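Going down the list, the protein sequences come from chains P and E.
Numbered by our numbering, the letters in the first sequence go through residues 1 to 328 in order.
Numbered by our numbering, the letters in the second sequence go through residues 1 to 167 in order.
Treat the hints loosely; a few may be bogus.
Claimed, not checked - Listed below are several chain P residues computed to face chain E (Cβ distance under 7 Å; list not exhaustive):
1. T273
2. N286
3. Q320
Claimed, not checked - Okay, the calculated beta carbon distance ranges per label pair:
4. E/M48 x P/A206: 32 to 40 Å
5. P/G254 x E/Q82: 36 to 44 Å
6. P/K158 x E/G65: 22 to 30 Å
7. P/I112 x E/K9: 32 to 40 Å
Because the hints were derived from the structure by calculation, they are not lab data.
Just so we're clear, the structure is a prediction, and the values are computed from it rather than from any experiment.
Built from N, CA and C at the ideal position, the CB exists for glycine as well.
Below are the chains, spelled out letter by letter.
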Amino acid sequence: MSKPKVAFYWCASCGGCEEAVVDLAEDILKVVGAVDIVFWPVALDFKREDVEAMADNSLAVAFINGAIRSSEQHEMVELLRRKAGLVVAFGSCAHLGGIPGLANTFRRADLIDEAYHKSLSVTDGNGTEPLEKTEVPEGTLTLPKLWDTVKTLDQVIKVDYYLPGCPPPVNLINGAIGSILKNELPPPGSVLAPDMALCEECERRATKPDKMAQREFLRPHQIKADPEKCLLAQGLLCLGPVTRKGCGAACVKGNMPCTGCMGPTSHVVDFGTKALTAMASLVDSNDDREIAAILDQIADPVGTFYRYSLPASLLHRSYQPEHAKGEK
Amino acid sequence: MSDKDTNQKPFEPRIVAFFCNWCTYTAADLAGTARMTYAPNVRVIRVMCSGRLDPQFILTALRQGADGVLIGGCHPGDCHYQEGNYKALRRFTLLKRLLREMGIEDERVQLEWIAASEGDKVQKVINRITEDVRRLGPLHLEPEALDRATEALLPDQTPAVAEGGAL
Numbered sequence: 001m002s003k004p005k006v007a008f009y010w011c012a013s014c015g016g017c018e019e020a021v022v023d024l025a026e027d028i029l030k031v032v033g034a035v036d037i038v039f040w041p042v043a044l045d046f047k048r049e050d051v052e053a054m055a056d057n058s059l060a061v062a063f064i065n066g067a068i069r070s071s072e073q074h075e076m077v078e079l080l081r082r083k084a085g086l087v088v089a090f091g092s093c094a095h096l097g098g099i100p101g102l103a104n105t106f107r108r109a110d111l112i113d114e115a116y117h118k119s120l121s122v123t124d125g126n127g128t129e130p131l132e133k134t135e136v137p138e139g140t141l142t143l144p145k146l147w148d149t150v151k152t153l154d155q156v157i158k159v160d161y162y163l164p165g166c167p168p169p170v171n172l173i174n175g176a177i178g179s180i181l182k183n184e185l186p187p188p189g190s191v192l193a194p195d196m197a198l199c200e201e202c203e204r205r206a207t208k209p210d211k212m213a214q215r216e217f218l219r220p221h222q223i224k225a226d227p228e229k230c231l232l233a234q235g236l237l238c239l240g241p242v243t244r245k246g247c248g249a250a251c252v253k254g255n256m257p258c259t260g261c262m263g264p265t266s267h268v269v270d271f272g273t274k275a276l277t278a279m280a281s282l283v284d285s286n287d288d289r290e291i292a293a294i295l296d297q298i299a300d301p302v303g304t305f306y307r308y309s310l311p312a313s314l315l316h317r318s319y320q321p322e323h324a325k326g327e328k
Numbered sequence: 001m002s003d004k005d006t007n008q009k010p011f012e013p014r015i016v017a018f019f020c021n022w023c024t025y026t027a028a029d030l031a032g033t034a035r036m037t038y039a040p041n042v043r044v045i046r047v048m049c050s051g052r053l054d055p056q057f058i059l060t061a062l063r064q065g066a067d068g069v070l071i072g073g074c075h076p077g078d079c080h081y082q083e084g085n086y087k088a089l090r091r092f093t094l095l096k097r098l099l100r101e102m103g104i105e106d107e108r109v110q111l112e113w114i115a116a117s118e119g120d121k122v123q124k125v126i127n128r129i130t131e132d133v134r135r136l137g138p139l140h141l142e143p144e145a146l147d148r149a150t151e152a153l154l155p156d157q158t159p160a161v162a163e164g165g166a167l
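All chains, please: the whole structure from these sequences, using the hints.
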């Protein structure tokens with residue numbers, strides 16, 4: 001019997017998710033022994049034509065990482081969706097939009113302006129911008145269209161499962177591959193990670209005070225954090241209480257607060273406002289001006305609370321009335 | 001929602017108001033029994049306490065077509081549950097900063113303390129937010145997120161959302 005065929009693909013992402021697959025270490029040999037990897041641009045020389053030549057539904061599963069923000073990515077994931085029985089959104093970017101999703105606080109025109117005109121590293125100043133079509137003597141050259149709004153994978157194609165994390169923890173990847181091979185999968189649409197908050201598996205849990213009362217919010221560079229005590233109780237914005245567990249509290253073990261890459265549990269729709277609620281509720285004051293002063297210590301609420309999930313949020317992107325009815 | 005998207009009729013703001021059971025909702029009741037008139041643009045949802053208000057409710061209202069959201073709670077020190085309105089205030093303070101960063105104008109989401117006896121304040125505040133939002137115009141959030149967000153809200157418990165229930 002032939003082995004199940006698997007594809008890996010990346011969209012708007014940093015490459016860390018590909019690295020996570022390699023991080024399986026010796027276990028990757030078991031994976032390679034059990035499946036045929038038929039498409040993996042970062043590691044193997046197959047092209048889009050090769051995927052197009054495959055029969056529909058001939059892939060057992062496509063693992064797709066990265067957010068979707070260009071016409072090329074959109075075409076590729078639609079192609080993979082046709083070819084694959086299962087699509088797994090792999091990592092924070094495919095799951096919730098991830099770090100690239102923070103581009104949704106800008107408009108495309110602003111991004112182009114910054115990258116091609118305003119950035120200090122742009123020195124020639126001849127005003128060149130990437131064009132979707134350029135005529136040259138040899139013919140027409142084309143580039144993919146950069147979208148105005150970054151999307152999650154499930155905003156453009158149907159997704160069967162989600163592997164959360166930036167990047168997904170190795171044990172969860174192993175578990176997901178194992179359950180796919182054994183055909184022991186949870187209901188479609190599930191996130192393949194435990195449905196509980198990170199604090200539940202945090203080694204510092206015992207030091208979390210019963211009632212927290214915060215008068216100060218600190219950023220990691222402002223404090224030499226005690227390596228044993230609850231980071232939230234030390235004033236750091238640790239998003240453990242609202243983040244899904246499954247990573248083994250890796251960042252907290254490194255004495256850094258949780259930034260929420262695993263996303264919310266299934267009970268939460270909008271990770272950012274939930275994280276905001278959790279943190280604001282800790283403030284130890286009843287005076288409006290004092291509350292505002294304490295909360296002003298939280299720099300960049302959008303970047304802090306929606307770090308990995310802005311495209312998946314209820315607002316989806318920043319609101320600019322003059323553009324609201326404009327370009328896609 | 002069709003009246004928002006055509007330019008045929010003048011814009012009438014849709015405002016969702018979350019009023020606490022003990023003070024502001026009672027005040028709205030009083031305004032009603034006292035035959036006070038105010039702008040008909042507000043849809044009131046009664047919650048037990050302003051502290052019950054999950055900021056997700058506010059964004060969901062905006063996402064599902066509200067142009068503004070009004071939150072009404074007991075005056076500081078008067079909360080039926082001692083501290084609920086302070087919790088609401090803390091969340092609201094941080095939420096406002098987040099919304100500002102996201103480009104949602106300040107006047108669209110307002111918090112007011114209205115005691116059970118202040119029927120006239122209900123009238124005043126509702127008229128004011130209606131005019132504020134009218135001046136700003138309709139809130140056009142990008143529609144493509146709407147279906148998915150609504151769908152994601154509660155995959156198997158859609159009725160609870162329709163009733164403005166638990167998220």
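Non-conforming hints, listed in increasing numerical order: The structure conflicts with no hint, since it agrees with every one listed earlier.
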